[in-house]
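So the sequence lines, in the order shown, correspond to chains H and B.
Mind the numbering: the first sequence is residues 1 to 112 in my numbering, read in order.
Mind the numbering: the second sequence is residues 1 to 112 in my numbering, read in order.
Hint data in this document are derived by calculation from the structure and do not stem from the laboratory.
Treat the hints with caution; some may be incorrect.
Computed cross-link-like contacts, BS3-like style, restricted to lysine-lysine with a CA-CA straight-line distance of at most 25 Å [said to hold, decoys possible]: (1) 100/H with 68/B; (2) 100/H with 63/B; (3) 100/H with 42/B; (4) 111/B with 79/B.
Residues per chain, in single letters:
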Amino acid sequence: DTGVSQDPRHKITKRGQNVTFRCDPISEHNRLYWYRQTLGQGPEFLTYFQNEAQLEKSRLLSDRFSAERPKGSFSTLEIQRTEQGDSAMYLCASSLEAEKLFFGSGTQLSVL
Amino acid sequence: EDQVTQSPEALRLQEGESSSLNCSYTVSGLRGLFWYRQDPGKGPEFLFTLYSAGEEKEKERLKATLTKKESFLHITAPKPEDSATYLCAVPPDSSNTGKLIFGQGTTLQVKP
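So that you can see chain H by itself, here it is in the shape it has in the complex (with noise of 0.2 Å):
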């Protein structure tokens, strides 16, 4: 068991550009969720994965981000034409049983 990884750890980027983040989650985990985390809140559901399928999608998602998680094993988040309130930790988690979730470590996106 070591842990749910996240890549990049850091990410600073221009307003427009895309950015795309990786999880490795804990391998015998079959559920995968993401989470955003703004300073001085908790973190905000985003989506979540059962194996390879994309099972429920936050109304907070626009359009502009996608997730995937082919073979059910790594997932990606992708952000199209980044905002600057697209600032946050981005956090991965995965489980086993339902609701306890291990999470990664984050990654910190900066939209300039």
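Here the structure of chain H is known, so what remains is to put chain B in place on it, guided by the hints.
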């Protein structure tokens, strides 16, 4: 609307000074209340799950309790290493995917 509210937002204690953190929730059919600890620059780390009113869980200097509308995280004789943000979370009524709604957290600082 499902909601989780934590108080206080910030708490400063002297080492050894016991206190409690509060988490109130509004989901109607509680399917578990979760406590997480988050250190700066890291993802949340699972602490406890409570499922029914009256249930208690303990880990070192932390004890979590649950009533029908709120949960408390009691910290007994805290040490500086207990300094962190403590988050509580519940599954929303509208989803059974395992996603969680988080409170905004209580940031605890324990001074030596």
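Status of the hints after comparison with the structure:
The hinted pair formed by residue 100/H and residue 68/B meets the criterion: a straight-line CA distance of about 21 Å does not exceed 25 Å. Simply put, residue 100/H and residue 63/B have alpha-carbon atoms about 18 Å apart, close enough for the 25 Å limit, and the pair holds. Using a Cα cut-off of 25 Å, the hinted pair residue 100/H and residue 42/B holds, with the two alpha carbons roughly 17 Å apart. Our distance criterion of 25 Å between C-alpha atoms is met by residue 111/B and residue 79/B, whose separation comes to about 8 Å.
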